[in-house]
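Number of protein chains: 2
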Amino acid sequence: MDDEDTFKILIATDIHLGYLEKDAVRGNDTFNTFDEILKCAKQNQVDFILLGGDLFHENKPSRRCLHSCISLLRKYCMGDTPILFDVLSDQAVNFSNSKFPWVNYQDENLNISIPVFSVHGNHDDPTGADGLCALDLLSSAGLVNHFGRSQSVERIEISPVLLQKGSTKLALYGIGSIPDERLYRMFVNNQVTMLRPKEDQDQWFNVFTIHQNRSKHGATNYIPEQFLDDFLDLVVWGHEHECLINPSRNEQRLFYVTQPGSSVATSLSPGEAVKKHIGLLRVKGRKMNLQKIPLHTVRQFFIQDLVLSEHPDLFNPDMPKVNQRVEAFCQEKVEAMIEEAERDRLGNPLTPEKPLIRLRVDYSGGFEAFNATRFSQKFVEQVANPKDVVHFIRQKEYKAKVKEDVDFGQLLSHSSTEGLRVEDLVKEYFQTAEKTVQLSLLTEQGMGKAVQEYVDKEEKDAIEELIRYQLEKTQRHLQQRGVLTEEEIDQEVQRRGYSPPADRSTDRGRD
Amino acid sequence: MDDEDTFKILIATDIHLGYLEKDAVRGNDTFNTFDEILKCAKQNQVDFILLGGDLFHENKPSRRCLHSCISLLRKYCMGDTPILFDVLSDQAVNFSNSKFPWVNYQDENLNISIPVFSVHGNHDDPTGADGLCALDLLSSAGLVNHFGRSQSVERIEISPVLLQKGSTKLALYGIGSIPDERLYRMFVNNQVTMLRPKEDQDQWFNVFTIHQNRSKHGATNYIPEQFLDDFLDLVVWGHEHECLINPSRNEQRLFYVTQPGSSVATSLSPGEAVKKHIGLLRVKGRKMNLQKIPLHTVRQFFIQDLVLSEHPDLFNPDMPKVNQRVEAFCQEKVEAMIEEAERDRLGNPLTPEKPLIRLRVDYSGGFEAFNATRFSQKFVEQVANPKDVVHFIRQKEYKAKVKEDVDFGQLLSHSSTEGLRVEDLVKEYFQTAEKTVQLSLLTEQGMGKAVQEYVDKEEKDAIEELIRYQLEKTQRHLQQRGVLTEEEIDQEVQRRGYSPPADRSTDRGRD
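As they're listed, the protein sequences go chains Y and W. The first sequence runs 16 to 526 under the numbering used here. The second sequence runs 16 to 526 under the numbering used here.
What the hints contain is simulated information worked out from the structure, not anything from laboratory work. You can trust all of the hints, since none of them are fake.
Just so you know, same-sequence chains aren't split out, so a pair can sit in one copy or run between any two.
Within a straight-line C-alpha distance of at most 25 Å, the following computed PhoX-like cross-link-like pairs (lysine-lysine) qualify:
1. K336 - K348
2. K114 - K57
3. K37 - K114
4. K114 - K90
5. K75 - K37
6. K37 - K393
7. K54 - K114
8. K114 - K75
9. K299 - K213
10. K348 - K402
11. K290 - K348
12. K402 - K290
13. K57 - K302
14. K393 - K369
15. K402 - K37
16. K393 - K348
17. K54 - K23
Since the model is a prediction, treat every value here as computed from it, not as a measurement.
My request is simple: use the sequences and hints to build the entire structure.
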């Protein structure tokens, strides 16, 4: 099938470069796997690489992380291999956000052998007054084509990158990560438009790249597949880390969805334990084939659940020395997983030696938890996560997790220990706050977002920027109303309550 | 003189990209001037650009700053203009620190029209375990050739980049910024060696780029010109911000020194008020010519000193309303400077409208200082520094500046208000600390440096890294000595005092 009419596209997502980069054991994992992915693209002589967001784990990647990424892209994606496809769309529209608004391989000063197209994810999304993200550094250096960047937060009009190879026409649609609820609302309000070429509409193979929640996290906190246009042929879904790369057909919309999943486990949850793959997508005419390619450099991850109350034959809370029995049983389980990992690794010299091992022990029903840290330390030479091999849970604990009342003081320590996202907590705080404590000149929404950016993205000026912005806005408003004295200002502020003329976020063209 | 045997080199230094980038008025100054410098290089069709360090003001430049820098370099330094000189030296040695150890214009994947060669400065020097600096990001992207990077902290052997254009041979020596006292010591101990080509030594024109204190800040806190080898022809001296670009001859060593100075005023001191220039250096055979080129985008800066006690005819402390008289006189002075700036700016559309104005008022002799902030605010529409137009000093105040006793608590606030370098204060602290409070497992030097990196360079892991390093080192040492019990360890630690087996810094290959 590999002929002059066939697009060969390497598909990957959520590479999370820099994840745990300070860890003595796991520090190089993400870089090794990115190396493998790029090498794979080169060996398979793909036409281009399509990334589904979260190339970087940190919004502000470290110098080492950026340096490694730039070096790897320069090493693998530059060279003399000719590019055999054309761009038919208006590149000034496709890449309007760039100072070099054209596809990198057509820049006569750069010898690109494998163009990379990427949307941004929620980890590496644009921040700050300039609305730049880490991908834009790569894009300014000519190493990545950052597409799917929307300028408005109320309406999205996606102009596809139109590619042609031989007789095959490929339309590349994309949306960089947007808060799910906002995008959900935009879809519901018919504010998301996917433009289509006027001529030969039926000849295009339409690929859409999205980086959002696919699984339902709440009524409006995800994007249902059926929101998407039915003229699409394939949706490449980023953000979700579980590898479900085999295209599944949406019977309502009649398109396929591939979810490549992350190339590194960033949490020790069951979804991350599914074997990691990337995809080699072939498109000829309107037919496609997706070949899954296992990643060999990915650290193995085995997870098992143990519900103590399901083994009354082995132990019950009233037995003497039941704790030792449980601990011994857990040790057996862990050792069995380590052995399984070792067998599995045989003949895979690229796979790191120490696996990730997680035993989740449900100890509800009167059992006691033993010291998980001390237990885990027994495996310090054998596993890559010797701090948290065993993890105790109770069936009911999930429900208790979201507390009724959160105060700001708790917020930060809370989030770091529990792993909850600060944005959720900020939102919760403002939702539960009494009307009386609401801020009077700053909107809840604006302040919440500023705090979130400050914490999540180390955007040090976010709060200051917001305050300056609101101040100016308020001053303008007061001027317009001809308010002059201090008393009048007080009255006007009281009159308008905490809701000033307009919300900053709508003016900023970004998340 | 512009012929096939003549090197044309644009010389600039201390561009300090990102300095005050958040300032509403001055935020774009450094980027505008970098644009002007690159444009000037292009218009003059130079063979290459030579930078003397501190291209970036911040050790960790903001995303916007990096993005602007990359975009400008890509815009001006890439293109079809052929490069007419060769590199004769072993590039793997010249650029051993790079993953792409060759000059960027010889990379077949990059179409470079103006190569940039740069050493790093003290603002943008290498930090962290990887020893990377901001220039290395540009270097990995193929936009800058970072040279003069020494791997050892005890000995420096400079292998020049040997260039040839027609019959002219140019040897490019350089040392990236190193703490002055260390480099001073290395020179004194004959640990700085400049290698020379074996053949035709007399035919080379030898240029040395250095980024150190040139003026004497203390007995060993600068680099005396006579330390430098006398085979050099021209020294390009960075770090010093005053433009003294006309080559001055060192009569002892018989070489010339050019000090281009910064292209932005980062302090309101007299040296920064000297008109800013860059240089166009022509070298043919062993002859050179340095043409100074004024920078038009640089914000004007006028400074004047007023010593009140020198005007007994105008005011003395016992006059009625002397304060108002002084303030009125100061206002006249400032207004005169603003007018002078306006006249001076005529016909220079590139020069920013608002100048920097500084009136230093020496009020010793019984005068009172008036409110400098309120006074400065009068000029908010006319000057770019409306917070500090006037600055009060007393003749004796400089001497009082360095206090006898500094404690750690004062350190940080102190440095931010007074503008002193944290490293100086840390050093001072350790020098004056009583023997009894000295740290027992951490060296003063190591800890001082870690604190400095933490504060100066936002190197968040510096302190943690040092402690881990020292711990491991101490453990190794104890193992070697066969120390086993806790008492023995205590004894050994006491025996060795605060000085563990070796200082971390000597193993790190960097400052």
